[in-house]
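One line per chain: the protein sequences are A and B, in this order. For the first sequence, position 406 matches number 406 in the working numbering, and the numbering has no gaps at all. For the second sequence, position 188 matches number 188 in the working numbering, and the numbering has no gaps at all.
Hint data in this document are derived by calculation from the structure and do not stem from the laboratory.
Derived lysine-lysine pairs resembling BS3-like cross-links, with alpha carbons at most 27 Å apart:
1. B:Lys295 with A:Lys41
2. B:Lys322 with B:Lys309
3. B:Lys369 with A:Lys25
4. A:Lys328 with B:Lys424
So the derived list for chain A, only partly shown, Cβ under 10 Å to chain B, looks like this:
5. Leu114
6. Ala145
7. Glu327
Output of the computed footprint for chain A on chain B, the stretches with three or more beta carbons under 8 Å from beta carbons of chain A:
8. 67 to 80
9. 182 to 196
10. 378 to 387
11. 412 to 424
Virtual Cβ for every residue (Gly too), placed ideally from N, Cα, C.
Below, each chain spelled out in residue letters.
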Amino acid sequence: MGDVHRYIPASDADRESMLREIGAKSIDELFATIPPALRLKEPLPLAAALSEQELLQEMSRRARDSRQPAPGAQFLGGGAYRHHSPVLVDHLISRTEFYSSYTPYQPEISQGTLQAIFEFQTLVCQLTELDISNASMYDGASALAEAILMAERVTHRGRVAVSDRLHPEYLQVCRTYLASLDIDLAPFGSRPDGSADPEAARRALREGKAGAVVVQHPNFFGCLEEIETFAAAAHEAGAHLIVVVTEPVALGLLKGPGRQGADIVAGEGHSFGVPLSYGGPYLGFLAARQAFLRSMPGRIVGETRDVDGRRGYVLTLSTREQHIRREKATSNICTNEGLCALIASIFMAVAGRAGLRDLALHNHAKAAYARRTLAAARGCSAPYAAPVFNEFTVRLPVPAEQAVRHLLDRGLVPGIPLSRYFSGMERDLLVCVTETNPRAEIDRLADELGRLS
Amino acid sequence: MTDTRTLRAPEKLLFELSRPGRRGFALPPLDVPTGDGAGLDPRYTRDAIEGFPELSEVEIVRHYTRLSRLNYAIDLGLYPLGSCTMKYNPKVHETVARLPGFADSHPQLPAAAAQGCLRLMHDLERALCAICGMDRFTLQPAAGAQGELTGIMMARAYHRERGNPRQVVLIPDSAHGTNPASAHIAGYRVEQLPSNERGCVDLAALRRRMSPDIALLMLTNPNTLGVFEGEIQEIASAVHAGGALLYMDGANLNAFVGVARPGDMGVDLHHLNLHKTFSTPHGGGGPGAGPVGVKRHLEPFLPVPTVEKEGETFVLHHDRPKSIGKVRSFFGNFGMFVRAFAYILALGPDGLRRMAETAVLNANYLRRKLEAAYHLPYDAPSLHEVVFSDRNLEDTGVHTLDIAKRLMDYGFHPPTIYFPLIVKGALMIEPTESESREELDAFIDAMLRIDQEARSNPDLVRTAPHTTPVRRLDEVGAARNPVIRWTPDTSAR
Chain A
1 MGDVHRYIPA SDADRESMLR EIGAKSIDEL FATIPPALRL KEPLPLAAAL
51 SEQELLQEMS RRARDSRQPA PGAQFLGGGA YRHHSPVLVD HLISRTEFYS
101 SYTPYQPEIS QGTLQAIFEF QTLVCQLTEL DISNASMYDG ASALAEAILM
151 AERVTHRGRV AVSDRLHPEY LQVCRTYLAS LDIDLAPFGS RPDGSADPEA
201 ARRALREGKA GAVVVQHPNF FGCLEEIETF AAAAHEAGAH LIVVVTEPVA
251 LGLLKGPGRQ GADIVAGEGH SFGVPLSYGG PYLGFLAARQ AFLRSMPGRI
301 VGETRDVDGR RGYVLTLSTR EQHIRREKAT SNICTNEGLC ALIASIFMAV
351 AGRAGLRDLA LHNHAKAAYA RRTLAAARGC SAPYAAPVFN EFTVRLPVPA
401 EQAVRHLLDR GLVPGIPLSR YFSGMERDLL VCVTETNPRA EIDRLADELG
451 RLS
Chain B
1 MTDTRTLRAP EKLLFELSRP GRRGFALPPL DVPTGDGAGL DPRYTRDAIE
51 GFPELSEVEI VRHYTRLSRL NYAIDLGLYP LGSCTMKYNP KVHETVARLP
101 GFADSHPQLP AAAAQGCLRL MHDLERALCA ICGMDRFTLQ PAAGAQGELT
151 GIMMARAYHR ERGNPRQVVL IPDSAHGTNP ASAHIAGYRV EQLPSNERGC
201 VDLAALRRRM SPDIALLMLT NPNTLGVFEG EIQEIASAVH AGGALLYMDG
251 ANLNAFVGVA RPGDMGVDLH HLNLHKTFST PHGGGGPGAG PVGVKRHLEP
301 FLPVPTVEKE GETFVLHHDR PKSIGKVRSF FGNFGMFVRA FAYILALGPD
351 GLRRMAETAV LNANYLRRKL EAAYHLPYDA PSLHEVVFSD RNLEDTGVHT
401 LDIAKRLMDY GFHPPTIYFP LIVKGALMIE PTESESREEL DAFIDAMLRI
451 DQEARSNPDL VRTAPHTTPV RRLDEVGAAR NPVIRWTPDT SAR
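Can you make the complete structure from the sequences, with help from the hints?
The structure is reproduced here in structure tokens:
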């Protein structure tokens, strides 16, 4: 039965006395319904328990094994972006009332979480310039899969046209989600300037009878898209436009996709203060026009009054959800990314109306400088002419994978080799620059890239 | 609504607190030529985000600190939500998850620069395999429901490779709603399997129903009544004889960690919830993590990438032709992996077993102390949770909802209510191992007092709670006229 453990209050004496009150002779008797043949005879083959001091040493040792160059010398984006998170964010979400509470099923004692979600929904609507939002999804990729399912619940055309400039992992996730359902994903092409091709989207809508068009903005290669053109193409064909945003800081500067005609925005919110944490937990956000209200997946918080007339918040429209509707639910999602949504909300509140725009301008200016400087390095070029936000593609004189290996030894992570995702792009590198990359590191990167050939 | 300033005043919304010209954020000076940013065509850009808040740091800190005080939390006391396993979240988890080597690691780093992260994923997978008796785990699913979906997709891929994906997923009527919802998204028809008088799977009914159209039986074990499916080996045999697979919903795994293993029970695949059994914090509704364990015959279908050890190096394997693909970007909720791994290290094999033993002991203690007052719809022995109903209070007009609300006045979070659906007026109580006998006694005392109040002063219970920041809220009105975002108009009402 093991020693008393610091996480578990019951002492051996407590166990004995409680067993007596239950009327059981032993702990084993409590497990009598498990057939004896299934009961373990030996302890689990795991290392013995660690004290807190040992645990900290062990985990610190493991964390040190990730030998990364300095954060300012990493130029990585591709769906995850390094931004400064104001210190107060971590302090506030470390309030135990936020992080150790459950999904707010009992509103009278969960108003803190519920009001914070209501504010999150509002911030997402303001950011995207759309009417409605939910309490969060798992991540940007699964939010897009859910967005496609939501659009299909309305149009039932069984086909969705997807820009080939979409994050390849998002496409992969959508393919997985849709594999067993009768919904085809039909990729459409792009223009030489690196942006998605509206004419190709029109063809997919006309000939393929697609019910929705999916465009990422800024796209995976960093280029901005002409959202109005895609919206017009989709709406002429009676289809919906779904805009994907993997870098929401861009929306501090760029028009809200809803204002430009998007019907649904599915995005990744981690840029708003959520730690990089090797890819998760992050948070998906999903916003849409009012017409989608009853087909939205996930939790939604609504405003109401209590019996004394005081304003309060509750989980609402739950007849869409799995615990009521079971297999007829709009989604299977239950636990979402509540604490990450809280982080994003606090971040948006701190950045605020002026700060988010400043941050976006700052990112854009640095990326514009870096793009110009890197493209001028010997043997390097910028293959795409379309405008960018904080991410762009550089063509190198050597395979990008090789350059990354070489520069890692020199304390730089220059970007993502696009050969990781695409064939025929061996020399292309996806570079991201944010407020966390000092000019000195950008210049050093340009210098190193210039020495490759 | 009153504007009187008290320590429990209602908190205004961010947008109502906002005042033009305030700010909470400053950037360092731009260290590149400014001309570079100005070139963006105005057709792409906007001036400012309409309605976005304008607040100083101190106002934001106070706003969220005040909001936090309106919440109940596990660190305030017992949180006995059945099947949710609300246990103590060790503080050290929050420290280790924030170590820079974990928290600052970008998911697009070359594997050579992320060995510590990959090693942690590898070792957590091995630990979960040892605990559950499975051959491999994917850590990718972000929550239990996504784990279910991943598992069903793998089962479908398995059947398809054998020539027929099959059509039906069988699910007991006591199951969590995510089970049928997940099966539906994976393209299956759902059929409900009736429970027997013990609340367990009706083995005879299962045997009768088995046929080549059945792909999978999804079984929660112990089930949502807290009862171990004692015939699980016979159930597995019946399922396998029909060529189907046995999926175990591991939401209730806390009941038997270190005592028994799904892998020894004939289970082909199962998910578990790191945010339940392995104590990663619930965060007010996530993030969670829902790893899925599989036996060898399902390994080819695991999501990509897998983490493999080659010599002394950890690598990501993407080239797995039979994989179902990906269910989310990157590798999953890594920050939860760090916490869960720390939990396993801190408990060790003996501590993990003691955890399950104490969880079961605590549930049985509550049951023993409450069964005289509250109706026990199924009297099969309980493991980690016990389900009562409001039937004994039928003639008082007090229902389960009222009991739940009154518990708040006594300082407790209520249990899960009206679930499982097979029990009318269910009160599903899971105390977990984190509660001392004194905390359990206080809860028992509150439950017994409420039973008395229901008979002596039913209105007091029916109008509860009386001491919370807000009282009962109009949920029907909220759904009828949904207000799900702030606008200047909503403040004016």
